[in-house]
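S.K.: These protein sequence lines are chains D and V, in that order. Quick note on numbering that gives the first Met the number 0: the first sequence kicks off at 0 and runs consecutively. Quick note on numbering that gives the first Met the number 0: the second sequence kicks off at 0 and runs consecutively.
I should point out that these hints are in silico values taken from the structure, not numbers from a laboratory. Note that CB positions come from ideal geometry on N, CA and C, so glycine has one too. Any given hint could turn out to be false.
[To be verified] Footprint (simulated), chain V over chain D, 3 or more residues, beta carbon under 8 angstroms: (1) 25–35; (2) 51–58; (3) 105–114; (4) 212–224.
[What the hints assert, rightly or not] Here are some, though not all, of the chain D residues that point toward chain V, as calculated from beta-carbon distances under 7 angstroms: (5) E78; (6) L84; (7) P85; (8) G87; (9) S129; (10) S241; (11) G244; (12) T290; (13) L291.
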Amino acid sequence: MIAYLLRRTAFLVVSLLLAAVVLFLLLRLLPGDPANSLLSVGATPDQIAAARHQIGTDRPLPEQFVSWVGRLATLDLGESFVSTLPVGPEIAARLVVTVPLTLLSFVLAVVVAVPVGFVAAHKANTWYGSVLSGVSQLGIAVPVFWVGMLLITVFSISLRVMPAGGFPPDDWADPAKALTSLTLPVVTIALVMSASLIRYVRSATLDVLGSDHLRTSRALGSSFARAMWRHGLRNAVVPVISILGIELASTFLGAVVVESVFALPGLGGMLVKGLAQHDYPVIQGILFVSTLVVLVIGFAADLVQRLIDPRLRHSLARDVR
Amino acid sequence: MNRKTTSLFGAAAALALALTACGGTDETASGGATPAGAYDKDATIQIGSLYEPQNLDNTAGGGQGVTEAFNGNVYEGLFRLTDDGEVDDLLAKDYKVSPDGLTYTFTLRDGVTFHSGKPLTSADVKYSIEKVVAPDSQSARKSSFSGIKKIETPDDHTVAVTLASKSISFVYNLSYVWIVNDQAKSLTTAEDGTGPYKLGTWKRGSTLSLDRFAGYWGTAPTNKQVVFHYFTDATALNNALLTDAVDVVTSEQSPDALAQFEGDPKYKVNNGHSTTKLLLAFNDRKAPFDKPLVRKAITSAIDDKKLLNSIWGDYGTLIGSMVPPTDPWYEDLTKVNPYDPALAKQELTEAGYPNGFEFTLDTPNYDPHPTAATFIKSELAKVGITVKINIITADQWYTKVYKNRDFAATMQEHVNDRDVVWYGDPDFYWGYDNPQVTQWVKQAEESDTAEEQTALLKKVNEQIAADAASDWLYLYPQIVVASSSLSGYPLNGLNSQFYAYGIKKSA
Chain D
0 MIAYLLRRTA FLVVSLLLAA VVLFLLLRLL PGDPANSLLS VGATPDQIAA
50 ARHQIGTDRP LPEQFVSWVG RLATLDLGES FVSTLPVGPE IAARLVVTVP
100 LTLLSFVLAV VVAVPVGFVA AHKANTWYGS VLSGVSQLGI AVPVFWVGML
150 LITVFSISLR VMPAGGFPPD DWADPAKALT SLTLPVVTIA LVMSASLIRY
200 VRSATLDVLG SDHLRTSRAL GSSFARAMWR HGLRNAVVPV ISILGIELAS
250 TFLGAVVVES VFALPGLGGM LVKGLAQHDY PVIQGILFVS TLVVLVIGFA
300 ADLVQRLIDP RLRHSLARDV R
Chain V
0 MNRKTTSLFG AAAALALALT ACGGTDETAS GGATPAGAYD KDATIQIGSL
50 YEPQNLDNTA GGGQGVTEAF NGNVYEGLFR LTDDGEVDDL LAKDYKVSPD
100 GLTYTFTLRD GVTFHSGKPL TSADVKYSIE KVVAPDSQSA RKSSFSGIKK
150 IETPDDHTVA VTLASKSISF VYNLSYVWIV NDQAKSLTTA EDGTGPYKLG
200 TWKRGSTLSL DRFAGYWGTA PTNKQVVFHY FTDATALNNA LLTDAVDVVT
250 SEQSPDALAQ FEGDPKYKVN NGHSTTKLLL AFNDRKAPFD KPLVRKAITS
300 AIDDKKLLNS IWGDYGTLIG SMVPPTDPWY EDLTKVNPYD PALAKQELTE
350 AGYPNGFEFT LDTPNYDPHP TAATFIKSEL AKVGITVKIN IITADQWYTK
400 VYKNRDFAAT MQEHVNDRDV VWYGDPDFYW GYDNPQVTQW VKQAEESDTA
450 EEQTALLKKV NEQIAADAAS DWLYLYPQIV VASSSLSGYP LNGLNSQFYA
500 YGIKKSA
């Protein structure tokens, strides 16, 4: 297990390095000049050259790359071209919104999807089983911003029970206030996310329900609940965990849209603005941190799967050897 | 039907207000419907805006957002540009100009202190002007001050600035120079100004709050605190106003959203004057647009009124040149090249294009440009001109059109006031080159009196309209939507300023 952890960590570091190279190069391939966003109509060629020099885009690419990676090694993400302010602290400040938003949505989605998915599978032949899977199909087809706008229209504008957007300036100083601001965004993401989760839970449960070992366990006299608990759940949950890992990562990345609809000061707004202004340090910083988060989530999902399923431990250990 | 009536009424009411505003000599900003009755002196005003500052320093790329939040509120200049477009004394008590017109001597107001407690001296003024013209300055006004030869400070209350050549706009330009404490540090995230508010907290991506400054030298603000709430999405901003999360929206940019506020007594939709002009700019260097007759024909072929109406409904103003009504040299020139397709065809024939021609229109990809381009295409098709619409990003516009002048015609919004002078610069991107106009612009800047300057710029104005140097499609409306419990907010928001110190919230 220790050897596995070490190997997995090494893999993570190498992936991050690769990501840094790819991020840096891809951004430079985009057409456009970041100096443009520093200037207004009326700028002279001298001013344009000065702006390029100031942000360092007049230096050779390898030099720019080495300087970025060098600072990255000391956990310094550099300064924004446009605002001249350091990128790292701003990302940290924005994660205060994006991370709770992602985690809360995730937890809510799981809490909804697991029982609903189970019932949809267990009662697949009843009318409400069909309705549940039908509704989840529909949920997948609905765009997340539309759900957000719908919830705002109903709960904020008509009923006036929830704020339409925004986040307290003092962050979590008043947790109740912060939670209130996150309620509708969390419900929005959780609704859309649980729709697809329900399908995975349902199909994983169906597999298990039709499996030989469950039938054998029942034949040996176990109650359905006991058979399900001892043999069904642990088998069903393994594929669901890897899906959960992917869903969590994509929720983190997909929060951009929801943050914009609800005017939340999260990572999304920062990224969109950075992209519009060709603000390389900002874009690089956010994408790098996001890559890190996604890799760590994948790592964690792998670990959990191995803890639950001894077979995986052995099969992967063989691969390693 | 109902909507039509209410919006007409709304426009009439706003016009009346604008007239009152012009006649008023009130020190505070004008605006709002509620008569100044009982108001809450310790109110917090929640302001919604789409323009978040990049940082807090307008010489380090703070942008439009920091101008909106800080001009006149946190920082003050020697002079102030009022919401009606006039220049008033602010930190300068008065000033004298030497007989040769080259040296300006300013006397500073007494008893002014910075938020940090340090008294204002002439050294701060010198420092602040130098900060704007410094090599690394990103101030949008930097080039306006290139003629400064030296700045002297004979005593703590006197500043003498010597110019290389006469500049009648110098005092006006100074209204954009924030007077900053010369000892202040880290101005991109903090401030030290002399204004009626000091910075509370700035949470990036979200809010910026300003608190009433107890040691202010002038009239205290009529509210205790203002909080700017920043949005990236116009719908989210309007939702905030609908749910009372904000009291006022500094500049409404989504015409479709106005319907939900018009006719609702809880809100007031104010129709002010902006300085943002939508241009169909020709490349005047290249055929066929090097011929004034061709440009005039195109101007006459496009029904600007219909275009404005389709985008902004009853809001906005038609203009016949680059000059908006708030500039001192405004004249109504909409009749110079009237909408008249028959005239357009005749002019095209005279210019040698009886069967029209084809050109590419470089169109920025954000509203309202693509919509307007499609309209222009269909209008010009009627006189035999084929338009190919080429959609580009803001960044591409800057490189292709502005820097490389690689275009036939383009669309762009020009936001500043008093920017007709660009037509005097033959090197500007549109390449309008009329030596007479260049000379008039130069002479206007070197005028002895404002009257002389105004007379000359009116001539410029008339000439560029006669030559159809560009096609000025329309002037954007400046729409401030506010809760009806609010009064005293600025209506015109000239150059993105938004003075908050006169805003009253009824108790």
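S.K.: Please go over all the hints and tell whether each is borne out by the structure.
M.R.: Results for each hint:
| no. | hint | verdict |
| --- | --- | --- |
| 1 | 25–35 | holds (count 4) |
| 2 | 51–58 | violated (count 1) |
| 3 | 105–114 | violated (count 0) |
| 4 | 212–224 | violated (count 0) |
| 5 | E78 | violated (10 angstroms) |
| 6 | L84 | holds (6 angstroms) |
| 7 | P85 | violated (10 angstroms) |
| 8 | G87 | violated (13 angstroms) |
| 9 | S129 | violated (36 angstroms) |
| 10 | S241 | violated (33 angstroms) |
| 11 | G244 | violated (28 angstroms) |
| 12 | T290 | violated (21 angstroms) |
| 13 | L291 | violated (21 angstroms) |
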